[in-house]
Each structure stands twice: as C-alpha cells, then as structure tokens.
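J.: Since chain A is already given, all that's left is putting chain B on it; use the hints.
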Amino acid sequence: MSDRSPSKPRLRGADVIRHPVPMLAFAATVLVLAYLTLVPLALLVYGSFIDEPGRLPIEASALSLQNYVQVVTDPATYRLLANTAVFTIGATALGIGLAVAFAWLIERTDIWGRNLLLVGIVVPMAIPNMIYSSAWILLLNPQNGWINDLLRQAGLGWLTFNIYSLAGMILVQGLSLASHAYLLVAAPFKMLDPTWEEQSAIAGKGVAATLWRVTLPSLKPALLAAIIFFTVVNMETFDVPGTIGIPAQVNVFSTMIYAATQPEYSGLPDYGLASTLSIVLLLAAACLIWVYQRQTRHAKQFVTVTGKGFRPRRISLGRYRLPLTAIAFAVVAAISLLPVLMLIWRSLMPFYMAPSPKALGLVSLKAYVDLFAGYDLGQVLRNTALMSITAGIATTLLAALVAWLVLRAPVPAGWRSMLNRLAFLPMAIPSIVIGLSFIFVYLTLPIPIYGTIWIIAIAMVTKYIAFSSGMMMAAQMQISPELEEASRLAGAGWGRTYRRITFPLLTAALVNCFLWVVIHVVRELAVAVMLYSSRSEVLSTKVWSLWLGGWVAQASALGVLTILALVLLLGLPPTVIRLRRKLRDLREAAAVPAEA
Amino acid sequence: MIFANELSKAYTGERGSVRVLNAVSFEAAPGSVFTLLGPSGCGKTTTLRCIAGLEQPDAGEIRLGDRKVFSSREGIQLGAERRGLGMVFQSYAIWPHMTVGENVSYPLDGLKLGRAERDSRVQRALDLVGLAALVDRPAPNLSGGQQQRVALARALVAEPQILLLDEPLSNLDAKLRDQMRREIKRLQRRLGVTALFVTHDQEEALALSDTIALMNNGEVVEVGPPRQLYDAPMHRFTAGFLGLANFVPGTVVGEAGDGVVVETAFGRFAGKRRSGAAPAADLFFRPHKASLAADDRAGSLDVGTGTVAETIFLGETNDVLVERDGQRVRLRLPGRLPREGERLSFAVDPEFSLVFERSSAPPAA
Chain A
2 MSDRSPSKPR LRGADVIRHP VPMLAFAATV LVLAYLTLVP LALLVYGSFI
52 DEPGRLPIEA SALSLQNYVQ VVTDPATYRL LANTAVFTIG ATALGIGLAV
102 AFAWLIERTD IWGRNLLLVG IVVPMAIPNM IYSSAWILLL NPQNGWINDL
152 LRQAGLGWLT FNIYSLAGMI LVQGLSLASH AYLLVAAPFK MLDPTWEEQS
202 AIAGKGVAAT LWRVTLPSLK PALLAAIIFF TVVNMETFDV PGTIGIPAQV
252 NVFSTMIYAA TQPEYSGLPD YGLASTLSIV LLLAAACLIW VYQRQTRHAK
302 QFVTVTGKGF RPRRISLGRY RLPLTAIAFA VVAAISLLPV LMLIWRSLMP
352 FYMAPSPKAL GLVSLKAYVD LFAGYDLGQV LRNTALMSIT AGIATTLLAA
402 LVAWLVLRAP VPAGWRSMLN RLAFLPMAIP SIVIGLSFIF VYLTLPIPIY
452 GTIWIIAIAM VTKYIAFSSG MMMAAQMQIS PELEEASRLA GAGWGRTYRR
502 ITFPLLTAAL VNCFLWVVIH VVRELAVAVM LYSSRSEVLS TKVWSLWLGG
552 WVAQASALGV LTILALVLLL GLPPTVIRLR RKLRDLREAA AVPAEA
Chain B
5 MIFANELSKA YTGERGSVRV LNAVSFEAAP GSVFTLLGPS GCGKTTTLRC
55 IAGLEQPDAG EIRLGDRKVF SSREGIQLGA ERRGLGMVFQ SYAIWPHMTV
105 GENVSYPLDG LKLGRAERDS RVQRALDLVG LAALVDRPAP NLSGGQQQRV
155 ALARALVAEP QILLLDEPLS NLDAKLRDQM RREIKRLQRR LGVTALFVTH
205 DQEEALALSD TIALMNNGEV VEVGPPRQLY DAPMHRFTAG FLGLANFVPG
255 TVVGEAGDGV VVETAFGRFA GKRRSGAAPA ADLFFRPHKA SLAADDRAGS
305 LDVGTGTVAE TIFLGETNDV LVERDGQRVR LRLPGRLPRE GERLSFAVDP
355 EFSLVFERSS APPAA
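In order, the protein sequences belong to chains A and B. Every letter in the first sequence is one number past the one before it in the numbering used here, and letter 176, counting from 1, is 177. Every letter in the second sequence is one number past the one before it in the numbering used here, and letter 93, counting from 1, is 97.
Chain A extracted, bound-state conformation (with noise of 0.2 Å):
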C-alpha cells in the first residue's frame, strides 16, 4: 500500500467491478471477427507456400517458395497484371466520368426529368454485374448481338463493337459502375455550399469556368476518394471479367484465382497458384484501401453540411438545356433500359431471335415454367432466401455489436481501435480471395458445413461485416450517450441498457443494414461461386451455370425474376420508413386527448 503513488492509478483487480459484460462481448466479438478474416488469411498465406496442384493445404507435404518463383518468373503474370490494370483504370475512368457528369447536372443544373434520369442512373443498382455482362453480351457480341446487326443492317459494318475484348469488358464494368458511383458521389455535389459557385459567378466566370474552377476543386477530396474506392472494387471484381473475360481469354487476377481452381480449366485444381495470386491481388487491395482511409479522413475537412437548410440555386444550362437533356435521357437509355428490355425480351424468345413485330409470335413464357418444372427453382429460391437471411442478420447484429463496442464500450481506447481495424480489415479482402480461403478453412476444421449454404453465408459476412460496421457506427454515433448513461443512472446494468435503451433506438438502421446486406448478398456473385456446390445453389450461381450451359433464355429469365426481386427489395427502406412513421403519427393521434 505504501507504494501508492498519486500519479499512478492503482486498483485491485480482484476487488473492483471491471463490467463484466462488455468485457465479454469485446472478448467473444474480437474471436468471432478473427475467426471470420484471420483464420481465412492464415490459411491462404500457408496455402500459397505449398506447390502440389490438386492438393489442399492441409494435404501438403512440403513448403515450398516455387508459386512466388512462377509468379514472378512468368510473363503470363505480367500479362496479367497489364489486363488488371487497364481494365481497373479504364472501368473506374469510365464509371466515375458518367458518375460525375449526371451528379453535376441532376444536383446543380436545371436539366429537364431530374427525377427520372435520377431513377435511371440508379437501376443497374438491383442488377447482379454477371446478369448485366450476359444482357450486354446479348447486344454486342460479334455474331448476332442485336445493336451490331442493326448497325451491319444500316451499312454501318465498320461501327460494331465486339463485346469479348477488354475494351468489352471496361464498357460494361464502367456501365454497372456510374450507378454505384452516382450515390457516392451525388451527396456532396448535393452539399456544395452555393455561395462558392455564385461567389465564382459574380467575379465573371461561366458555367464551363466556374464548374471546373470552383465546383470540382472543391469537391476533389471526396471525388478522389470515390476513385479510388472505386478502383478497388474493379481491382477485384468478378462478376464482368468472369462472364466476358473468361471466354474472351482475357484474364484479369480474379479470374484467373477463379481459373487455378476450377479442374475444366487447368486439369488439377492448383491452390497453391491461387492463393499467391490472391496474396499479390489482397496487398494491391490492402494499399488502395489504406490510401483510401487517409483520404477519407481529409475528406471531411473540406465539404461539410451546415445545419443550414439552404436550397441550392441551380445552375441555368441556357440553351445547352435542350441538347444536354436530351443526351442524358440518351445514356440513361443505355445504361440501364436497354440491357433490361433486352433480357427481358431474350427470355420470352425460345431461341435467339433478334426483336421485331415478326418474333412476336413466337414469344412465349416457357423459359419461367422451365426454371420452375425443370430446374428445381424452389430449392434456389429456398437456398437464397435462407443463406442472405442469415448472413443478414447475422452480419448486421454482429456489426452493431461491434459498432457498439467501438464507440462505448468501457476498455482502453487502444483495444477499441484495435477491435475496428480487425473489423474494418476484410474491406481490403477481395470476394473471390474470401471463397478461396473459405475452402481452405472448411476443408481444414472439422465443421461438417462444405458444400452447403452455411459455407456461403458465413463467407458472406466476412465480406460485408466491413460496410456494415461503418453503417451501425454512424448510427450509433447519432445516439447520444446520455440516453445509455440515463438508463445506468435509472438501476439497469450494461445488458439491460443496451436491450431496452440502445438497441431500440437502432431499429431503423437495423432494418437499413440487414436490407443492404441482403440485397448485397443476392447479387454477389464470386464468393457464392467458389463456395456452391449442385446441394446449396443460390440464384447468382444458377444464373452462371445456366448461362455458362448455353441455356441462355433460362438465364435470361432467371436473370429478370433476380432484378425483380432486388428492385422490390431496394423499395423496401424508403416503403418502412413510411410506414414508421404513419405508426407514429397514429400513436401520437392517440395521445392527443391527454393533452386537454
């Protein structure tokens, strides 16, 4: 005792109460988020030492350095890395440019239909990019793609396009892109202080002069940040190269993990190549991602909110607003009516007939009652509602508990910061390097769950426990810490503040998040991919084996009942919001007489 010093704090473990609870739930949540992303990385990283193709890692006899000999010696890995990199620059170029130029003019500028070319710019959200790839490919491949027939018709021979090119692959990546980019890149655009811009106005400048002077300097930390966002998902992505990259033997990184472990491909799957290929895409993922962050936190500094509720004055496009309109309404088209209407017209055809009042007739639904009768669709159907339900709650209430126990918990600031890099780490893990190592790890421990949903579902949140962290943080951030500390001050204990206080006040971004993740589950393509066998299809995996099986108006079809089911998942948020708040306002219709 007589050690005491003032400066030092000293407590008796034993004696003094150190919240048990949320020492546990820190505890059991760092386990279950290193079982989800360190486990899977341990066991790539020892698979990518091992050399014996159509051996699991587990099997090996013998470490070896000869995958990162080949790697590094093969020019095919170069070719490799050339094919990524345009693809990637092209398609984030492409994706953001379109992004950029529809924020600029539905948020700032007087065109006319704001609201529709805003709906339409959206759409290619609740299409799957390998269902997007396959209506694309229906319209420009080089034998009977419908707008390269309609050219050779019309004389214009030289103007098609053939589709299984990189250049192919970077229209339709960029395409799908714009969409997600348009919501990353929209809101500060919606922000942008108007002043700024009238300020540039008042001094003389144009439109032209005051948009690239003032509206995109100001707006480069969060442009920049979506780049390079942006540029990671293209680095990884599967869903394009693998529809069209794949036959069009232009291989990027994902596709070709993809290729190392698929025997059809390369006779034995070699797991060994994979996971080295994996481990050179992950630090080329790793390094975006931490350039990302640092750019994020710079971003904030530059375009804030005020509180202010300022209606921005738009900008008069003059007699550019007819023309300019008009070509929105044009790419728009494009983007995302074409493609739809095409797959939807694929999938009444029994075979491919180009549209026409003549093939007409020989529309039928056939191709739906075929999925129905012949594929057993009820069991996909089963399968996915019941793997991205899971993944969704199970991904959702783990990242509120995170969020939680980074924001509140009561431990040292060093481990709460520690508990949101682990959970933030699985952001730089690309999804075909998540199915890889999740072969790994479930071939390895004897958890009976290979070839089942299970083995998807819990892949699934290791892919999107990352985002959906960062959502119940902003949500829980909006929650102010008196409301918990009031309720510990009225008697209830850690346990009983977060179930009656907390968590209720989360249930609106609850719902947000697990919809989100749903949604996002359904699309995902590369996880399912590496992970499904012929017991545990998900829609994503029947649509690929259908398309791969030349079964193409099945697909089609299939491919059509899958963006229904997303565009009424996605109407979904704003219809509970609704509804939320009519029960509110019931409730508060109800507590009016109490008032008199």
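To be clear, the hints were calculated from the coordinates, so they are not data collected in a lab. Only a predicted model underlies this, so the values are computations on that prediction, with no experimental measurement involved. Worth double-checking, as some hints may not be accurate.
[Stated by the list, open to error] Here are some, though not all, of the chain B residues that point toward chain A, as calculated from beta-carbon distances under 7 Å:
hint : residue
1    : E85
2    : L89
3    : F93
4    : A97
5    : H101
6    : Y110
7    : P111
8    : G114
Ideal Cβ placement from N, Cα and C applies to all residues, glycine included.
T.: Only chain B this time, still in chain A's reference frame:
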C-alpha cells in the same frame, strides 16, 4: 451526504496525459444544494460523472451517505446502476422511443413493485413536476421545458436520497430558466434530497445553492455559502469569477483597523488583506459597491477621483468607466448619467473592499 476525498484523474491522449482532476475534496451536507461551479474545462462535470459512477477516478474515495462507492485504496468501484442516484442530464436524455410514462417508470423496473404501486409512483412523480396529464405522450412531442420536467420526474421516481444535476437549465430560454430554477429549489426542499448541481453560470449557482465549490483547472479553489463567496472571497480567482470585479493596482502604505490602506492612481482605500505581505497589491471591489461622492471629499480615505471615459445607460443603473493615469475602474452608479470627460469622485464601501497580492495573470471572466 456526498463525500469526495482527494479525487484525481488524468486522461492519456495522443499528446501525453492531461490532468483533469487534482485532489478534489468536498462534503455536501444532507438535504442541501451543493454546487460545483467553474469555467468550462475546470473539471466540474468530470467530478459529477465520477460521483455518478459514469467515470472512474484514478485515485481517491467517494462516499454516498454511509456507503463507500469508490475507493482506489480498497479497490472499490460501484457501477452507476448500483449507486441509487437520480440524475438530470444536460440534454435531459429523454428516451425518444418511449412515452412520458415509460420514461418515468423505467427506474422502477429493478425494484419489483406491483403494478398498482408502480403506477401510483409514476403518477406521484409526474404530479410533482405538473405533467400528470402527459403520461401517454410520446417523448419526442415535448417542449424543452416539458422534457426538463420529465427528466426531473424520472430522476426522482425511485426516491433517491441524492440528486445529480448536470447543467440542467442551460438549454432553456431565459424566462423558463428562471421558472425552473425556482421549481427545482422548491422540489429539493420539499423532498429533502441532497442535490449536487453542476453549472458554469454564476448567477444560477448563487440563486440555487446552499454551498458552492468553485473549481478551476481541476482543483477546488474555494468552498462556502454563496453570500460569503460573493462578498468576502478568500481567493482572487473567486473574486474575479463571481460577478463584476475591479482589481486596481496599488501599494500597501499602512494599516487601518483590521485591514490595510492601499494607495492607487485614484486615491487611497482601506480593505481587508487576503494574502501575502508584499507592498505591491491589487485593490478589489465590486462596481456596485461604489457610489458618487461630493467633490470636496476628493483625497480622503476610500474616495477616488478620475475622468469619465465611457458611459453606458443600463436602465436601472449606469455603467461608468473612470480613468486616471492609464488605469480604469468600472462603477455602477444609479441616477444621473455622467458626461464623458467629466471629473468624478466616487466612494467605495470599505466593508466590501479586499486587498489581494499582485498577480500578473489577468482575473478570469
């Protein structure tokens, strides 16, 4: 009774460790209003949160009544939920997903009461604050004043012996604040609870408290009843923080009765000596303790003379800055508004004049 002994706490951040509480000790008598007053960042809220159990001091001891709830020596730290306190938060912290009644009944959950008993206690608590009619109102549909009352009812419903109030009036407009101030005091007297009140508003502290502990830089500077702290502060910081103050530089030139005489640019004044024996000293008096003096009294003890530099008409009184040799004093003189540039003599009540050791630091507030 609330008893805090030698509470110390430091936060360790990226730029090293910051000491927020430094051996804070005080004792709040049962049934009294005890106020922690000080500028922002002085440690008053941290102290309150340590008493509440929301934060843990590094060292020291806290007793509530006869219960020891924190002791670094014995390794005791009782969680906030086990201290049996009522607390009103600065933001009121009314749970928006519950009705008024659900908010108020929440602290009764752990008490295993029958339904009838529970309802009647909620009713009584809401009656206390005059909101019985709003029991079914959803919490988001309350005005600021109503939220404040619900917070008070919720803090009192479990009949705690100690009530903690963290700047409860700072979010209300001036008129409502005045009304709530009286109401809180009336309730506290009626229920006989010990109230620990945190505020940065000196006027509020003077109006509400039985005892004030003035804090600065993580330390308790001075403890005493409001009148004593205001009229006869022991410390220069107290004199400067509570109300308007003049500190006039001067030199101690002699003794007068139980005080000393200080020679300043304006004249010679008598006052009680507070600290130090050095001849360099500051004369302290409050602007409203001065009055106009007839010109023929110029030069006599406790009378100062100078030129009017600035005047502001305030209605009930005038704010007058008098200048001489580059020194200024502020006076509150009711009646005729002096002209700027006019020569003016003023008398200071020696009963309320104090002499502090010269300090280089400017007085706070």
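J.: Holds or violated: B/G114 as interface residue toward chain A, Cβ cutoff 7 Å?
T.: 4 Å, holds
J.: Should the hint that B/E85 touches chain A count as held when the rule is a Cβ pair under 7 Å?
T.: 5 Å, holds
J.: Identify whether the interface hint at B/F93 stands, where standing means a beta carbon of chain A within less than 7 Å of its own.
T.: Because about 4 Å separates B/F93 from the closest Cβ in chain A, which is inside the 7 Å limit, the hint holds.
J.: Please verify that hint: B/P111, Cβ, nearest Cβ of chain A, below 7 Å or not.
T.: Check passed: Cβ of B/P111 comes within 4 Å of chain A, closer than 7 Å.
J.: Grab the minimum C-beta distance from B/H101 to chain A and call the hint holds if it beats 7 Å, violated otherwise.
T.: 5 Å, holds
J.: Holds or violated: is the Cβ of B/L89 closer than 7 Å to a Cβ in chain A?
T.: Status holds, d = 6 Å.
J.: Next item in the hint list is B/Y110. Is there a CB on chain A closer than 7 Å to its CB?
T.: Holds: closest Cβ of chain A sits about 5 Å from B/Y110, inside 7 Å.
J.: For the hint on B/A97, does the least C-beta distance to chain A fall short of 7 Å?
T.: 4 Å, holds
Of the numbered hints given earlier, the model fails none.
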